[in-house]
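Protein chains in written order, with our numbering: chain A, 1 to 421; chain B, 422 to 734; chain C, 735 to 1018.
Please keep in mind that the hints were generated in silico from the structure rather than gathered at the bench. None of these values were measured; they are calculated from a predicted model. A portion of the hints provided could be inaccurate.
As the list claims (entries may be wrong) - Taking lysine-lysine pairs in the BS3-like style, the calculated list, with each CA pair at most 30 angstroms apart, reads:
hint: 1; chain 1: A; residue 1: Lys247; chain 2: B; residue 2: Lys582
hint: 2; chain 1: A; residue 1: Lys319; chain 2: A; residue 2: Lys350
hint: 3; chain 1: A; residue 1: Lys241; chain 2: C; residue 2: Lys840
hint: 4; chain 1: A; residue 1: Lys350; chain 2: A; residue 2: Lys168
hint: 5; chain 1: B; residue 1: Lys484; chain 2: A; residue 2: Lys220
hint: 6; chain 1: A; residue 1: Lys348; chain 2: A; residue 2: Lys322
hint: 7; chain 1: A; residue 1: Lys247; chain 2: B; residue 2: Lys495
hint: 8; chain 1: A; residue 1: Lys279; chain 2: B; residue 2: Lys495
hint: 9; chain 1: B; residue 1: Lys495; chain 2: A; residue 2: Lys413
hint: 10; chain 1: B; residue 1: Lys539; chain 2: B; residue 2: Lys621
hint: 11; chain 1: A; residue 1: Lys312; chain 2: B; residue 2: Lys582
As the list claims (entries may be wrong) - Computed list of chain A residues with no C-beta within reach of chain C, every gap over 12 angstroms:
hint: 12; residue: Pro65
hint: 13; residue: Asp77
hint: 14; residue: Thr80
hint: 15; residue: Thr84
hint: 16; residue: Gly88
hint: 17; residue: Gly108
hint: 18; residue: Asp112
hint: 19; residue: Lys188
hint: 20; residue: Thr189
hint: 21; residue: Asp257
hint: 22; residue: Pro258
hint: 23; residue: Gln262
hint: 24; residue: Lys264
hint: 25; residue: Leu278
hint: 26; residue: Tyr323
hint: 27; residue: Thr353
The C-beta atom is built at its ideal place from N, Cα and C for all residues, glycine as well.
Given next are the chains, with one letter for each unit.
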Amino acid sequence: MRSWKKKGLTAILAVLASVSMVSSLAACGGSNGAGKDELVLTIWGGDIDKRVMQKRLSLAKKKYPNIPVKLQYIAKDYDTKIQTMFSGGTPPDILEMADNINAYSSRGQLADLTSDFPNVARDYGKTNQKIYTYKGKLYGAPDRAAPAVIFYNKDIFDAAGVEYPSEKWDWNTFLTNAQKLVKRENGKTTQWAYCEGDWWAWYMTWIYQNGGRILDKDGKPVVNSPENVEAMQFYQDLMYKYEVIPKPQEITDSGADPLFAQGKTAMNVTGFWDISSLKDAKFNWGVAPLWHGKKTAVPMFFNALTVSSQSKHKDDAIKIVKYLTSKEGQRPIAESGLDMPANLAAAKDKSFTQASWNKNGLDLTAFTRSTSMTYAPPLTPEWSQITKAMSDGMSQTWNGKQDVKTGLDKAQKTLEQALNK
Amino acid sequence: MSISASIGRRHRGSRRGMKRSTRETLFFYVCISPWIIGFVVFTAVPMFSSLYLSFTDWDSFQKPNWVGLGNYAKALTADPLFWKVLRNTFYYAIVSVPVSLLIALYLSNLLSHDFRGKRIYRTIIYLPSLVPLVAAGLIFKWLLKPEDGPVNALLGLFGIKGPAWLLDANWVIPAIILLSIWQVGGGTILLISAINGVPKELYEAAEIDGAGHYRLFWSITFPMITPILFFNLVTGIIGAFQVFDQVYILTQGGPDNASQMMVPYIYTSAFKDFHMGYASALAWILFVIIMVISAAVLKSSDAWVFYESEVKK
Amino acid sequence: MNTRSDFGGKARRYAILTVVSAILCAPLVFVVSIALSSDATTKAMKFTFLPGEWHWENFIQVFSSGLPIGRFILNSLIIVIPACIFMTFSSALVAYGFARLHAPGKNILFILVLSTMMIPGQVLMIPQFILFRTLGWINTLLPMIVPNLFANAYNVFLMRQFITRIPTELDEAAEIDGLGYFRIFTRIILPMMVPVLAAVCVFTFSSNWGSFFGPLLYINDEDKMPLALGLQVLSSQSSSVQTPPWNMIMVGALILILPVLIVYYFAQRYLYESGMFAGSAGIK
């Protein structure tokens, strides 16, 4: 006991010693994972996204053998990880981005690509130009851009004797036909015409098709305009008056894509990805461009490649991005059946329109024809607040607990407060 | 008696030249040094950074600008959601903490006895709290399906028409509470362990006196496990006020923020809206709230927590 | 004694426990059922409560995915084993200090200990990331290992509460016998703390084994990922973009749960050791 102090200290020193030992062990190979002059490119998605990007990077390597690029696949919570990397001063050089691009560009985090893509509207379409332009400057190189289309269950249409859907349908045709596609047994609906949920691509499309807007030209919210009320009322009636699409409480545990895959809905408006999801489907199905309202408006699912303004290899990164979004660099996207290339030349190319994976003879022109019908949602830096205000305001309306006007008024009020800093 | 003993001890003089109290103090600091090192190196700096950031408009990218008490003022006076979110959080905490504690107490009392298969049952109790919340989230969405979910089907057997749970503003918080109660295992384990630690002689003596089950529990078991109950209570309160995963996975705060709670709201502000400064201010407001409530519980503990030996100061 | 009522009590206990267990386990049956579902069933979300199909290959897929599962497990062990050992003993030492020793500033320090639990971790994420970057620890396992070696508030508080249940008579007797504080701790207090040491060990194991968010932020390379994050990669990979691959998510969940369950099952011997003060004098 004479040495109690010594022993206590020895114990603690032992702890510290082993800590430093473990540290040095675990630290070997440290740094941020990239070799010294290696560029880092981050993406999200699944295995196929990863493989396709790897393929494209190997093509890029042939062209630029002196610019090594390391692919970093982020399995989950992409946005949080990216934000932390930026805040922590270790951003990737090139990063895949979508909806929240302007949250970054408006805060000076992304490199200006305007002069590198002088003909962006011609090469990638007007919608892409609009989406990635903030205050007159282009911050994203359009990478993937497939318009939404109608996936329809041919068996259900045939059984009901309804002609297949197309862009010629207007809201009236939609409603009349939808009523023929619903099946009820003992007061319970067993088959719906269509299904939606709380997602901008769905509710904003009704609004845009009715000539409505979320923000006006000056960026002021106009959520509760008469056009918007009318559009949302039509959607609400599909659920509660005509009962041709399921109410939220009927589909809490799944969603539109699974419901369509189950054969419980006749139509589903969704993205290119559903093609591969449906490859084992036990029914016949096709794709067609979306119906129209007073206006034509089709949502588009988009991602871009962007370059961090903090990158130490900005010029090299831009070279790589330019290559990856060129016709040649986009070819693997088309060939693999991953998505529709944003580059219009690549999308018109045989590698997409006559892709070898398209064994069922799916009408892929449904996608290419839709490109000119797409609209750009209001992707301001406050985009996440816009969609949240809409969900918060409208959720009780969609649940049948409040009328349409009240919901839109609520969203309008929230947005006025959020945007009026 | 323990207090008088410890007072007696303090004046018992010194050994080996150094005053006893000095040695004791010194050894105290040696003992707690692992915590101090961990705190100073890994916690203190981030904590104070977030405190500093709460007085700025940091967007997590650009240089932060000092805004004084602006964020705090905004939360308390100008943010229409803040009070709603706070009320939801209180509602969740006030119901879930006592209910979880009572259930844990009841189960631990059942499980602490020696009986065949006790290991299996004790394992089953702990199992749900190990299920990753992403997985549990899907399961609960399915269990609570409004139209044909098992829970509502069960209620239907008793002639009750179940609510729409996650879609119903009045039932969404109870649904979240249900998920937390399902994962009550961790607290139960500690209580079983605490009950098993109660000396058998105490029961034997009382049984000779003819005390029944209830009396044995309330006069012996309960007081002997109050230190652990107190621990479960305090950490339960802290955990409940910081509830995050359950909300994030089940409802994302919906419908119309009816289930939005403080920490998911903080997360949304920081990582969706990029208002890191404001999020930090919200976090420190929550800190103060938890601190005040914990202090009150701590104060109350003198009246009901029985310490075999507690060395204060 | 009265075997009759004893039997009745036992039967009642089994009845209640069986009902409770059934309620607690029902959701897990569903987890298993989803884990055994085919991809087509998953995409259509046509799950059944009881397993309707038996796609055991989902579990095999984990090992044949091409991902370094062995490496993931090793990384997890590198994080978890030191954490269990050092966290448990350093917390015990700190708790002993707070429970048994007199010192100026102790109460303030204890409040400080508790207060570290009261600030939501979400606002500390970025400052912590910057701290670890400054230390050069990004893309290493160190941010997961080192902070877990030092006593944390939860465990210190828990252990302190346990120690206060141990009568002081024992340490006083030991002191009279000439034992110093450190020996009182190792010879008298620590042996009596076995149940709570086991509890902290189990909790530390389970929380570190299952956590993926820290690794997600700090690790960039696949070969440095612990199992919880690796399984996340696995399930994200097998997804088509919109519907989550629920079958693989559940497979991952089950694989993560199993080791913790085994550790807990065997730790019960220590966790529920009874009569820890048996024979101690002076209990009122």
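Quick rundown of the hints versus the structure:
no.: 1; hint: A:Lys247 <-> B:Lys582; result: holds, 18 angstroms
no.: 2; hint: A:Lys319 <-> A:Lys350; result: holds, 26 angstroms
no.: 3; hint: A:Lys241 <-> C:Lys840; result: violated, 68 angstroms
no.: 4; hint: A:Lys350 <-> A:Lys168; result: holds, 26 angstroms
no.: 5; hint: B:Lys484 <-> A:Lys220; result: holds, 27 angstroms
no.: 6; hint: A:Lys348 <-> A:Lys322; result: holds, 19 angstroms
no.: 7; hint: A:Lys247 <-> B:Lys495; result: violated, 37 angstroms
no.: 8; hint: A:Lys279 <-> B:Lys495; result: violated, 52 angstroms
no.: 9; hint: B:Lys495 <-> A:Lys413; result: holds, 17 angstroms
no.: 10; hint: B:Lys539 <-> B:Lys621; result: holds, 19 angstroms
no.: 11; hint: A:Lys312 <-> B:Lys582; result: violated, 62 angstroms
no.: 12; hint: Pro65; result: holds, 23 angstroms
no.: 13; hint: Asp77; result: violated, 6 angstroms
no.: 14; hint: Thr80; result: violated, 8 angstroms
no.: 15; hint: Thr84; result: violated, 5 angstroms
no.: 16; hint: Gly88; result: violated, 4 angstroms
no.: 17; hint: Gly108; result: holds, 18 angstroms
no.: 18; hint: Asp112; result: holds, 26 angstroms
no.: 19; hint: Lys188; result: holds, 17 angstroms
no.: 20; hint: Thr189; result: holds, 17 angstroms
no.: 21; hint: Asp257; result: violated, 5 angstroms
no.: 22; hint: Pro258; result: violated, 4 angstroms
no.: 23; hint: Gln262; result: violated, 4 angstroms
no.: 24; hint: Lys264; result: violated, 9 angstroms
no.: 25; hint: Leu278; result: violated, 8 angstroms
no.: 26; hint: Tyr323; result: holds, 23 angstroms
no.: 27; hint: Thr353; result: holds, 22 angstroms
Going down the numbered hints, you'll see the structure goes against 3, 7, 8, 11, 13, 14, 15, 16, 21, 22, 23, 24, 25, while the others check out.
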